[in-house]
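Engineer: Listed here are the chains, written in short residue letters.
There are 2 protein chains.
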Amino acid sequence: MYENLAIVGATGAVGRLIRQLLEERKFPYKTIKFLASKRSAGTEITFNGQTHIVEELTPESFAGVDIAIGSTPDDAAAEFAPWAVERGCIVVDESGYWRMKEDVPLVVPEVNPEAIRNHKGIISSPNCSTTQMVVAMKPLHDAAKIKRVVVSTYQATSGAGVAGEKDLVEGAKSVLNQTPYEYQAFKHQIAFNLIPQIGSEKYEGYTSEEMKMVHETQKIFGDDSIQVCPTCVRVPVTNCHSETILVETERPISVAEARELFEKTEGITVVDNLGAGEYPMPLTCSNKNDVFIGRIRKDLSNPNGLTFWCVSDNLRKGAATNAVQIAELLVRSQAAV
Amino acid sequence: MYENLAIVGATGAVGRLIRQLLEERKFPYKTIKFLASKRSAGTEITFNGQTHIVEELTPESFAGVDIAIGSTPDDAAAEFAPWAVERGCIVVDESGYWRMKEDVPLVVPEVNPEAIRNHKGIISSPNCSTTQMVVAMKPLHDAAKIKRVVVSTYQATSGAGVAGEKDLVEGAKSVLNQTPYEYQAFKHQIAFNLIPQIGSEKYEGYTSEEMKMVHETQKIFGDDSIQVCPTCVRVPVTNCHSETILVETERPISVAEARELFEKTEGITVVDNLGAGEYPMPLTCSNKNDVFIGRIRKDLSNPNGLTFWCVSDNLRKGAATNAVQIAELLVRSQAAV
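From first to last, the protein sequence lines are chains A and L.
Just so we're aligned: the first sequence equals residues 1 to 337 in the UniProt record's numbering.
Just so we're aligned: the second sequence equals residues 1 to 337 in the UniProt record's numbering.
Chain A extracted, bound-state conformation (with noise of 0.2 Å):
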């Protein structure tokens, strides 16, 4: 049984949301600690209602857990995940050290939920940007072979973390008042702008959260003949993620049946009446844990063409809602043994 849990990087902005819905989805256990670095240790949580401390990250940490949800930058979890692994506890690792190694299984659980069975300790959750493009490819690829696609993002703030946010807010009141402020989290003024660059330069004049969309996406379909064309941009907006995706598939999908197909698919929930102004929104779908789907329409330049807006809280289903699933997998797959 997995019944005891460790959440690594209890205290940040993801981390908090996964204390949350480990709450909302009653999510089984029988002991939980809270993890962080050394400057967020003894901080006080209240998780169904009991009182935790939260405690420093280190080796020991890991002894008599089963699974361990983490979300820490990059180089936190290259180390704290062999620690854990070698105390025979599993990870589940939101960040993005882990995605692309031949061992570790990439998993959206609407997606490839069978990838889980071949972890060897570790199990990763994909980049933002990435989990809700692949959910909503999910149905087309089963119905008629994804075989390309061009996405371009409209990235919000908080995925640039809590000074991500402050950023788009305390830039906001700046240039409201004309008063000086240096932003943290952006290269450049976020606020009435919008940043064509998320990451650094990785491959070809792509940035890495460009080439994540493009590896992940293969990853997770289990197939590199799916061909991704991907632009990332960052958009003066708080939180929740939209993608405009064009996909090209083996046979022409119709907008009827391409409905049909997002309607019945778990997770993915479709917006879309242009002509009442309905169509998913950052505002409208910010705290919940679906992908929004509307605009779905003919791609008019190619008859395999399908193009639609795709909507979803990065820092739910792009993040911790994702690892929670996946933990809750690992539960079921176990008492399924």
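Derived by calculation from the structure, the hints in this document are not laboratory data.
Small disclaimer: the values here were computed from a predicted structure and weren't measured.
Watch out, some of these pointers could steer you wrong.
Pairs count within a copy or across copies, as identical chains cannot be separated in the list.
[What the hints assert, rightly or not] Pairs of lysine-lysine, BS3-like flavour, derived with a Cα cap of 27 Å:
{"no.": "1", "residue 1": "K33", "residue 2": "K173"}
{"no.": "2", "residue 1": "K145", "residue 2": "K264"}
{"no.": "3", "residue 1": "K145", "residue 2": "K166"}
{"no.": "4", "residue 1": "K264", "residue 2": "K173"}
{"no.": "5", "residue 1": "K120", "residue 2": "K187"}
{"no.": "6", "residue 1": "K26", "residue 2": "K264"}
{"no.": "7", "residue 1": "K264", "residue 2": "K166"}
{"no.": "8", "residue 1": "K166", "residue 2": "K26"}
{"no.": "9", "residue 1": "K288", "residue 2": "K26"}
{"no.": "10", "residue 1": "K187", "residue 2": "K288"}
{"no.": "11", "residue 1": "K145", "residue 2": "K33"}
Fit chain L to the given chain A structure using the hints.
Structural biologist: The following block gives chain L in isolation, referenced to the frame of chain A:
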């Protein structure tokens, strides 16, 4: 000689910019008059150091006028342009009303200057989101024939006029101060949000703004075989439209070739150094007349594809600058005769 000018809609956001551009560019004229609706008539305007009184727009306004540059709502343009044409005045019109009429050239001076020759009294300037895209497409199309375009827009609130700009500023204040604000230009909150609808429902789930990008592009290039798949999104940015543009050409274009083609095109400025965090942004392109291009990359999903990021001031090149440039073309063509 075209020496007697009229500016129609002289008090609007674009009208103000047209006046400013005529001054900046030392547009040649003997007389100039400023026309507007009854509501704005009587307003005092200073132009080239002289005080002018805005006159009410009537059929007789155009007597003796050679060129009228109009920036008005569609219904006003539908009414005033025939008044002008009947009196021998050539209309350069910014509105959407005349653009797709068969006898009306739709002109972007960098792209199809020769089209002005065929006017029958009215010359249209395209929609803002189209203009910057066709300027960017032109050198690539000349070099390698563009067959297909996939474009996602990030459009500023200034595109919805003064009320749009106000909605963003007052909306942002209302969110930050937690006070109520009723949006006027937009159906939904635009501050810290995205609205994936510009214009009304038009064709097969596409909006009027999106269909303008399809039809105007084909008309400007005189080539209905260019396939365009657009998604237009309003973003909480004050000024400058941005676009991710993916083109597929008859023969592959390398990044180096594209860059060279862009760089030698008048009206385009390339800003493309991802490693140094340099690319066009609304904040850096505002109040400039050029179309700015960055993030030039090979399409990872198609060998004949090329993708890039394109930003331009929607009130300038997307409206006022293009209209003034058309008027300049007219003056030069007359001078040549």
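Engineer: Hint by hint, say whether it matches the structure.
Structural biologist: Results for each hint:
Taking CA atoms no more than 27 Å apart as the test, K33 paired with K173 passes in neither setting, with 38 Å inside one copy and 41 Å between copies. For the homomeric pair K145 and K264, the shortest alpha-carbon distance inside one copy (18 Å) is at most 27 Å, but the shortest distance between copies (42 Å) is not. In this homomeric assembly, K145 and K166 never come within 27 Å of each other (Cα to Cα): the closest approach is 41 Å inside a single copy and 46 Å across copies. Neither within a single protomer nor between protomers do K264 and K173 lie at most 27 Å apart by alpha-carbon distance, with minima of 43 Å and 40 Å respectively.
In the homo-oligomer, the alpha carbons of K120 and K187 never lie at most 27 Å apart, since the shortest distance is 38 Å inside one protomer and 51 Å across protomers. When the C-alpha separation of K26 and K264 is checked against a cutoff of 27 Å, the pair qualifies only within one copy, where the shortest distance is 25 Å, while the shortest distance between copies is 62 Å. Proximity of K264 and K166 under a CA criterion of 27 Å is satisfied in neither setting, with 38 Å inside one chain copy and 41 Å between copies. In this assembly of identical chains, the alpha carbons of K166 and K26 never lie at most 27 Å apart, being 31 Å within a copy and 45 Å across copies at closest.
In this assembly of identical chains, the alpha carbons of K288 and K26 lie at most 27 Å apart only when taken from the same copy (17 Å versus 56 Å across copies). In this assembly of identical chains, K187 and K288 lie within 27 Å of each other by CA distance solely across copies; the values are 22 Å between and 30 Å within a copy. For a Cα distance limit of 27 Å, the shortest separation of K145 from K33 qualifies neither inside one copy, at 43 Å, nor across copies, at 61 Å.
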